[in-house]
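Listed below are the residues making up each chain.
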Amino acid sequence: MADLPSGATTQLKTFALKSGATVCGVADAAAFNARAPEKQRPDDLLPGARSVVVVGGAQPREGDWAATSPWVMQTMGTTERIQGVGRRLAQYIESEFGYYALYVPPGTASGDTPFLSLMLAAELAGLGSKSLAGPVLNRDHGFMYWSAVITTAPFEADAAEENPACPAPACREMWDRDRTTPCLATCPGDNGGCLSGKLENGRAVRTFYDAARCNTRVHTHWVGGFQKVLEETLNEPDRDKRKMLLYGDFFTRSLWAITYSSTNIAQCFECMRVCPAAHGLKEMK
Amino acid sequence: MSVFKLDPEVYKRYKDEVLKLCNSFQKIDQPGLSDKQIAERLGLDERTVTEIRCVAERDCYSLDEWEKAIEFKRKATLEWSALALKRPDLKPE
Amino acid sequence: MTLTEQVKAVGRKAGARVVGVAAVEAFREKVPEGYRPEDILPGARSVVVAGGDGPTAGAWRSPDNRVMEITGYDLRENVAVHAMCDFIEGTLSHHAIQAPSLPVHGHEPPMSMMHAAELAGLGTRSLAAHIILNPEYGLLYYAALITTLQLEPDQPLAEPACPHPGCAAMYKRIGTTPCLRVCPACLSGTVQDGRIQQSTYDREKCHSRAQTYGIGSFQKGLLQIVNEDDPARRRTMIHSDFFTKSIQSLGFFRDSIAQCFECMRVCPVGRKYRKLQ
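Residue numbers (this note's numbering), protein chains in the order written: chain A, 1 to 285; chain B, 1001 to 1093; chain C, 2001 to 2277.
These are calculated hints, taken from the structure and not from any lab test. All figures in this text were calculated on a predicted structure; none of them were measured in a lab. Do not rely on the hints blindly, as some may be mistaken.
[Unchecked claim] Cβ pair distances, simulated, as ranges:
id	chain 1	residue 1	chain 2	residue 2	range
1	C	2030	B	1071	35 to 41 Å
2	C	2231	B	1012	29 to 35 Å
3	C	2248	A	178	50 to 56 Å
4	B	1025	C	2192	33 to 39 Å
5	B	1040	A	201	53 to 59 Å
6	B	1016	C	2230	30 to 36 Å
7	B	1064	C	2165	25 to 31 Å
Here a beta-carbon is modelled for each residue, glycine too, at the ideal position from N, C-alpha and C.
Starting from the given sequences, assemble the full structure and let the hints guide the process.
Shown next, in the form of structure tokens:
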């Protein structure tokens, strides 16, 4: 197998940014082995994998965060625009460099399990670090959506981020003062929410995350809700009440979300809405 | 009333009025009322009106209307094609 | 180029056929509270509306109506809106969001794209399901963005696109128009002195035609299935062509957007763009 031409990694990243990515990084495929479970590592999806190219972008705009209607982000919070970049990159790597490339399918392989953790990929590609609330935050752009391409091409790997965006200075101050942070206060695990954690030696440490509850918020109108209503309908002996369930607002909305949201839509952003590090650095007028 | 299940008796009592007041049967330049406006008029809470409206929109016509829709479109497309494309062989039976 | 011209140019380059601007104040007259652009984005000043092409001329000529049921929409006006939002935020440093237009409670969206298109001077309501007709291009699909950027608003059109002079003449002659004649089930109306005098539209009946296979048909089919006690009959319903197509339209969402074009097929507005070789 011929080596990559000199400057190939830079060329790849330039192409990614021109295609619509906000950021692009490369992770060493082997780096996943220490942290990813079996069957969710690059080599499991593409034997011989050497790099994972990660792009981030299509993040909510400043206006989206400022919008007071919950429907803006709930109906527009999709990864679709960055997925297109991922697909293009996979084709570009194969046609331009002659190495195998596999676009990591978004969504899940089974249940709630992804093919490959895109958040872990973003971390290993030096594009961000995990926040106390969970999402990987980029230092300059905050909360983003990710797409990844596994390849046998030996692109130059980036180093992991050294200074994580979380905790932000404002959050450190809040912790010192109130022993909580904006995300923990918005969604407290010990009071009906999903998160618990602390700041320790300047680092965010998550002590509890209720994934099942978070799922009811991030995917309120989605497959899970559909299944729940279907089950309740089948168990409901009264035919009029069955109609109320199947024609009702919740089930109708869930079907719209399933139909119109491509492969990945998010319906709760509250921990990120209050996060000082999630919105990027650009000043708006 | 649970979030997910409207009381069928409430539904039956108010569905026709809600349908009349919302955007289901439209007259040009006369927008229908919002759920909040309908709720104020009928003395209900907004959430109940939303639920009644959602069920009523779907319940308004039976599945027979869908069968008629399938046949309508098939025939209308063929009739137009026969005329506009000068293909009398396409005219539906 | 003014800022407004720059924004419109970005939209057209990204695939919009037409782009117009409406001031947020214009929405206050007819839009109930909670559904206005300023209810959605605080500080909103302008709404930019992009109109995109519908089916290709070739698709209109297919004698198989199922073709347009699936290809009727390519969402390019939404691409144009995203391009303009990126430009407004990235280059002009003002907030910009895609206006939420998907239904969120039954048939109801958070904001009306049809009304936005009217106010942005891109078209007027027609006898045909009150579809907004652009006087030049006829049927277009609309998406919008809301922004805090002050732009120069366009005005609603002074002259309505509907009725077309040919339709007004037809009404005078035989008391109907092409659209009213082809779909009396959903539409009714009268024309006087070359203007729409009155017009009604049965949206729920139209829904059975415009979204024959979709969320609604899935719900109706499913209710029938769960209420059917006989397993053999239930089986035939679950695997029926109708229910299968309904599920497919959920999976391939473009299938369920627009599935009836009969009133538009016979509409003369913009028809010259459908005559090719």
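Here's how the hints hold up against the structure:
no., hint, in the structure
1, C:2030 <-> B:1071: 35 to 41 Å, "holds (37 Å)"
2, C:2231 <-> B:1012: 29 to 35 Å, "holds (30 Å)"
3, C:2248 <-> A:178: 50 to 56 Å, "holds (52 Å)"
4, B:1025 <-> C:2192: 33 to 39 Å, "violated (22 Å)"
5, B:1040 <-> A:201: 53 to 59 Å, "holds (56 Å)"
6, B:1016 <-> C:2230: 30 to 36 Å, "holds (32 Å)"
7, B:1064 <-> C:2165: 25 to 31 Å, "violated (39 Å)"
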